[in-house]
Amino acid sequence: METSLPAKFAWRLLIGLLYVFLLAPIIIVFVVSFDTRQYLAFPPESLSFGSYVKVFQNADFISAFWRSLLIGAIVGLGAVTVGTLISLALTRYRFRGEGAVNFLVIAPFIVPNIVLGVGLVLVLAGFGLLDTYPGIVLAHLGITIPYTVRTVSMSLMSVDRRVEEAALVHGASPFNVFWRITLPLIRPGIIAGGVIAFLISFDETTISLFIVSVRSSTLPTEIYRYLEYSTDPQIAALSVVLILISVAVVIVLERLIGLRKAV
Amino acid sequence: MTTSDRKGNRGILLLLLLPGLLALGVSFVAPLLWLLRASFSTSALGGADGSWTLANYADVVLDPFYWRVAGNTLNYGLTVAAFAVVLSYPIALFLARTTSRWRGVLTALAIAPLLTSGVVRTYGWMVILGDQGVINGTLQALSLIQTPIRLSNNFLGATIAMIEILMPYAILAMLSGFGRLNTQLEEAAAMLGANRLKVFWRIILPLSLPGVITAALLVFVLAISGFVTPRLMGGGRVFVLGTEVFQEATVTLNLPLAAALAMLLLVLFSSVIVIYRRALRALEA
Numbered sequence: 001m002e003t004s005l006p007a008k009f010a011w012r013l014l015i016g017l018l019y020v021f022l023l024a025p026i027i028i029v030f031v032v033s034f035d036t037r038q039y040l041a042f043p044p045e046s047l048s049f050g051s052y053v054k055v056f057q058n059a060d061f062i063s064a065f066w067r068s069l070l071i072g073a074i075v076g077l078g079a080v081t082v083g084t085l086i087s088l089a090l091t092r093y094r095f096r097g098e099g100a101v102n103f104l105v106i107a108p109f110i111v112p113n114i115v116l117g118v119g120l121v122l123v124l125a126g127f128g129l130l131d132t133y134p135g136i137v138l139a140h141l142g143i144t145i146p147y148t149v150r151t152v153s154m155s156l157m158s159v160d161r162r163v164e165e166a167a168l169v170h171g172a173s174p175f176n177v178f179w180r181i182t183l184p185l186i187r188p189g190i191i192a193g194g195v196i197a198f199l200i201s202f203d204e205t206t207i208s209l210f211i212v213s214v215r216s217s218t219l220p221t222e223i224y225r226y227l228e229y230s231t232d233p234q235i236a237a238l239s240v241v242l243i244l245i246s247v248a249v250v251i252v253l254e255r256l257i258g259l260r261k262a263v
Numbered sequence: 001m002t003t004s005d006r007k008g009n010r011g012i013l014l015l016l017l018l019p020g021l022l023a024l025g026v027s028f029v030a031p032l033l034w035l036l037r038a039s040f041s042t043s044a045l046g047g048a049d050g051s052w053t054l055a056n057y058a059d060v061v062l063d064p065f066y067w068r069v070a071g072n073t074l075n076y077g078l079t080v081a082a083f084a085v086v087l088s089y090p091i092a093l094f095l096a097r098t099t100s101r102w103r104g105v106l107t108a109l110a111i112a113p114l115l116t117s118g119v120v121r122t123y124g125w126m127v128i129l130g131d132q133g134v135i136n137g138t139l140q141a142l143s144l145i146q147t148p149i150r151l152s153n154n155f156l157g158a159t160i161a162m163i164e165i166l167m168p169y170a171i172l173a174m175l176s177g178f179g180r181l182n183t184q185l186e187e188a189a190a191m192l193g194a195n196r197l198k199v200f201w202r203i204i205l206p207l208s209l210p211g212v213i214t215a216a217l218l219v220f221v222l223a224i225s226g227f228v229t230p231r232l233m234g235g236g237r238v239f240v241l242g243t244e245v246f247q248e249a250t251v252t253l254n255l256p257l258a259a260a261l262a263m264l265l266l267v268l269f270s271s272v273i274v275i276y277r278r279a280l281r282a283l284e285a
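One line per chain: the protein sequences are A and B, in this order.
Quick note, the first sequence lines up with residues 1 to 263 if you use the UniProt record's numbering.
Quick note, the second sequence lines up with residues 1 to 285 if you use the UniProt record's numbering.
Treat the hints with caution; some may be incorrect.
From chain B, some residues computed to sit far from chain A (all C-beta separations above 10 Å) [as the list claims (entries may be wrong)]:
id : residue
1  : V61
2  : L87
3  : I149
4  : F155
5  : G177
6  : R196
Cut-off 20 Å, straight-line C-alpha distance, at most; resulting in silico cross-link-like pairs (EDC-like, lysine to aspartate or glutamate) [to be verified]:
id : chain 1 : residue 1 : chain 2 : residue 2
7  : A       : K54       : A       : D232
8  : A       : K54       : A       : E228
9  : B       : K198      : B       : E186
10 : A       : K8        : B       : E248
11 : B       : K198      : B       : E187
12 : A       : K8        : B       : E186
Quick caveat, the hints were computed from the structure, so don't treat them as lab data.
Glycine included, every Cβ here is placed at the ideal spot set by N, Cα and C.
Could you build all of it, start to finish, from the sequences and the hints given here?
This is the structure we're talking about:
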């Protein structure tokens, strides 16, 4: 279609402004992280890496970071293992109650985390698991398994079933078929599922705030609690570190298997 | 392996399903059941030891404060959804139609904020909208204002931040719904004499409507169930269901009341989804 030059310019300008709005908080956090002052203000007076040094000297942040990493890794591994098993059952077998299982693995998508958070407080308190590693790992498994089932199921459905059947006919046990044939074929889906589960766990704030206090506090909950009292540039530096970690994870994922296949 | 009834299938199936059912049972099914039970509980900790009561729901329904909270929540969800959709629509339309070689990068940039924790982006908005933040600081430096304008610690700030935080979801939902947009159709209409406005109203908008509705629903349900952003940006002055559930569950420690409020949120949430599915079916028919 013919478009007049001014109209085209106005359209581009609008898109540009909307992008600025969308990316504003991330850009601003980046700028503020180099501010030398102790309090929140803009524009920065002078620039330094002071805030970064302070973050890396903050024992609370450092230990929360390692906890988040550990919890995220366990959740990623756990969710993808359990999710692969469920996906195998759903894509390779017909059984009674299949519909119920199918519903169960998408149901967590339609329950808000804040609702689940209250329920988890009640359940975990009953088992004495509030503010413990097993408690928070369990809580995160519930919200990540649906994602791993989705990604792994999609991989499983794209596998040529005749290859599996051929191996079975030639006498391979179901386990051997999975281990030697299916697993190598669905590796991209498994990696993607695990990484997504890790990222969700690593960033999850709402549910964690309900069930952790001191011993098992994760990085997002530490940031939240810090922000309730103070907004100094340390948080900006920490945020930049977190953003860079997420970006790095995604780039590695993209290099390994290609993002389009993953999501 | 598919539908065969070989012996041992049941055993394998059990092995495949058991870990997942157990994990989801403890981390998803049990919490919802416990929540339901607690919302009818007389025991302050929401245990099953107390007897059944409707008092928690009565507390919610009879207290005008919670009616205001429910109203605030709806208002918050609708405002955020409306603005997020209006602001995301041009970006999604642009990304769906552009042939630029930057398309991949621009799409990634539009969705990239999803990779950043909501807490971090809320912090970014605290820096932008705070009393000494980017906007007030700039306006004061230019001597346009003497005292800072109130942009944070209120409903306005909580709304602005939430709009931006949920926009990537709206853009994603619209992009996947815009598959039916077709430039040939637009060209045909233009050749037949329709002007740009008419092409937009009669072709682009109707074809993109399902994507827009999905985006609006997604943003609405995420906004009404959010609490980190309204709490931090609202500075304790914004009362929505999310903030009140958190308050009752972790500060006031009235778990039965928190459970009743959470059930209310869940009902609101599911009815919106049901209405959405009806609407989408009606639209498709």
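So, going through the hints one by one against the coordinates:
1. Annotated as non-interface, V61 (chain B) keeps its C-beta farther than 10 Å from every C-beta of chain A; the closest such distance is 18 Å.
2. The Cβ of L87 (chain B) sits about 6 Å from the closest Cβ of chain A, inside the 10 Å cut-off, so the non-interface label is violated.
3. Separation of I149 (chain B) from chain A is adequate, the least Cβ-Cβ distance of about 14 Å exceeding the 10 Å criterion.
4. With a closest Cβ-Cβ approach of about 19 Å to chain A, F155 (chain B) is found to remain outside the 10 Å limit, as its non-interface label requires.
5. No beta-carbon of chain A comes within 10 Å of the beta-carbon of G177 (chain B); the shortest separation is about 16 Å.
6. Interface exclusion of R196 (chain B) from chain A breaks down, the closest Cβ pair being 7 Å apart, not more than 10 Å.
7. For the suggested pair K54 (chain A) and D232 (chain A), the alpha carbons sit about 11 Å apart, so the restraint of at most 20 Å is met.
8. For the hint linking K54 (chain A) to E228 (chain A), the alpha-carbon distance of about 19 Å falls within 20 Å, and the restraint holds.
9. A hinted pair counts as satisfied when its Cα atoms are at most 20 Å apart, and K198 (chain B) with E186 (chain B) qualifies at roughly 10 Å.
10. Distance check on the hinted pair: K8 (chain A) and E248 (chain B) sit about 52 Å apart at the alpha-carbon level, beyond 20 Å; violated.
11. For the suggested pair K198 (chain B) and E187 (chain B), the alpha carbons sit about 12 Å apart, so the restraint of at most 20 Å is met.
12. With a C-alpha separation of about 17 Å, the suggested pairing of K8 (chain A) with E186 (chain B) holds against the 20 Å cut-off.
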